[in-house]
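**Q** Read in this note's numbering, the sequence shown has 288 at position 255, and its numbers run on one by one without any break.
Derived from the structure by calculation, the hints contain no laboratory data.
By construction, the Cβ of each residue, glycine as well, lies at the ideal position given by its N, Cα and C atoms.
There may be inaccurate statements among the hints.
Unchecked claim - Derived DEER-like restraints, expressed as beta-carbon distance ranges:
{"#": "1", "residue 1": "Gln267", "residue 2": "Phe341", "range": "18 to 28 Å"}
{"#": "2", "residue 1": "Gln267", "residue 2": "Leu175", "range": "20 to 30 Å"}
{"#": "3", "residue 1": "Thr221", "residue 2": "Arg441", "range": "47 to 57 Å"}
{"#": "4", "residue 1": "Arg433", "residue 2": "Tyr194", "range": "43 to 53 Å"}
{"#": "5", "residue 1": "Thr221", "residue 2": "Ser126", "range": "38 to 48 Å"}
{"#": "6", "residue 1": "Ala231", "residue 2": "Cys172", "range": "13 to 23 Å"}
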Amino acid sequence: MASAVHQNCHRLLTLLLRPLPAPAPHPRVSFSPRPAGVRSFFPAPGCRLGTDAVALAEPELVPPEEEDDGTRFVVVTFYKFLPLEDPRAEVASHLHFLQGRDIHGRIYLNEQGINAQYSGPHKDAAAYADWVKKDHRFCDMLVQTSPALAGHAFPRLKLRYKPSLVQLEGGSLHLPLLDPSMRAMPLTPSKWKERLEARACLDVSSSEMSGRKLLLLDVRNDYEWDVGHFEGVQRPNVDCFRSTSFGLSGEVSDPLNGVDKEKTDILMYCTGGIRKKGFQNLYTLEGGVSNYLKAEGPAGWVGNLFVFDGRLSLPPATFRRPAACWPSSPSEEEKERRWVGRCYACGSEVVELRHRNCANIDCNRLYMSCGWCAEELAGCCCSDCKAAPRLRPLLPGHQRYLKWHVYRDGLLTPAATDADC
């Protein structure tokens with residue numbers, strides 16, 4: 034018996050001390066690897082760095098002067114599900130109010146309500162939100178504001194009727210968005226934090242005794258998770274939320290596959306949480322992650338928050354500081370919690386959590402890249418895309434692509450732009 038144990042220990046030590054084989058080349062990369070020791074200051078799921086590394090990556094931002102005339106730019110978001118009898122007439126009314134006001138963004142209305150994300154000078158942006166809330170149907174609507182330090186975060190205004198307020202295949206008009214009994218129960222940020230703390234402290238024995246389980250579910254896109262997420266949540270295996278089928282696919286990678294529908298409390302963020310396939314104990318984060326970060330700070334959250342506008346990524350402190358403090362240096366706690374991502378092409382660490390679009394217009398993948406791969410692949414996400422026929426130029430810094438015809442017809446040089454593709 035003792036001899037067998039000794040032999041097993043010897044085999045284990047032999048395996049542990051055996052030199053590791055050289056890593057196989059990444060399937061997406063077929064160019065010169067980045068030299069060892071070179072740190073990227075471009076964006077990537079990863080690990081955390083110490084404060085020394087984070088300090089190197091901090092951008093030098095100049096605090097904006099506080100203007101009395103409301104010219105400081107902000108981004109405003111709000112939505113509300115409620116029945117609208119004549120949404121097209123509502124669109125006309127909103128367009129009339131916004132005449133002469135400097136508002137860019139996406140504002141959609143239909144029979145199920147309104148969904149708005151827009152930017153503009155604080156005076157104009159606040160005036161529109163106040164005007165909407167004067168309507169008794171929207172008076173209790175949550176309006177969230179964050180800074181837009183570089184001006185407009187959207188290239189133009191799109192205010193129109195849209196068949197789907199929620200980006201899902203087949204639209205959302207068939208979904209029971211207006212039936213509260215069919216939606217997930219909203220939790221305030223403080224209640225959500227309590228659930229997170231209970232989840233972290235939950236031990237096996239108490240879970241077995243109570244017979245209840247708690248599952249934290251990120252129902253966003255995978256590239257949003259890469260920038261930041263609640264601690265311990267599984268990375269979603271989707272790159273487009275509109276095709277998400279959580280609880281319906283039956284695939285092994287589906288986090289709801291095999292979950293006990295009656296004995297599992299599911300905390301999901303950040304969608305409306307429509308009940309599917311018999312899941313009854315669904316909870317959603319009221320106001321989304323941005324509202325949580327404003328109320329509770331980064332407790333339980335790691336990284337930045339992905340936003341669907343020209344800013345792409347915002348640190349948690351953006352939502353909690355008063356306007357007069359935008360921006361300011363990160364606290365020591367924020368530095369400790371900084372999330373470091375991975376380059377999509379080579380897997381190296383990147384500390385600037387910011388995506389770029391693939392230069393191949395027929396791919397247009399939103400991904401994070403180290404500076405080395407961005408240069409070597411000419412702004413593409415892989416070698417195949419680099420050889421594609423319809424390529425846009427590699428844009429420096431945080432610039433965004435314009436429409437394809439601008440590059441196709443030679444109407445603009447690579448230097449231009451903060452519009453989207």
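**Q** If a hint holds in the structure, say so; if it doesn't, say that too.
**A** Evaluation of the provided hints:
1. Between Gln267 and Phe341 the C-beta distance comes to about 22 Å, which sits within the given range of 18 to 28 Å.
2. For the pair Gln267 and Leu175, the beta carbons lie near 27 Å from each other, so the given range of 20 to 30 Å is met.
3. Evaluation of the 47 to 57 Å hint for Thr221 and Arg441 yields a pass: the beta carbon distance comes to about 50 Å.
4. Distance hint check: the CB atoms of Arg433 and Tyr194 are about 27 Å apart, inconsistent with the given range 43 to 53 Å.
5. Distance hint for Thr221 and Ser126: a CB-CB separation of about 32 Å, inconsistent with the stated range 38 to 48 Å.
6. Checking the proposed 13 to 23 Å range against Ala231 and Cys172 shows it is violated: the Cβ atoms sit about 34 Å from each other.
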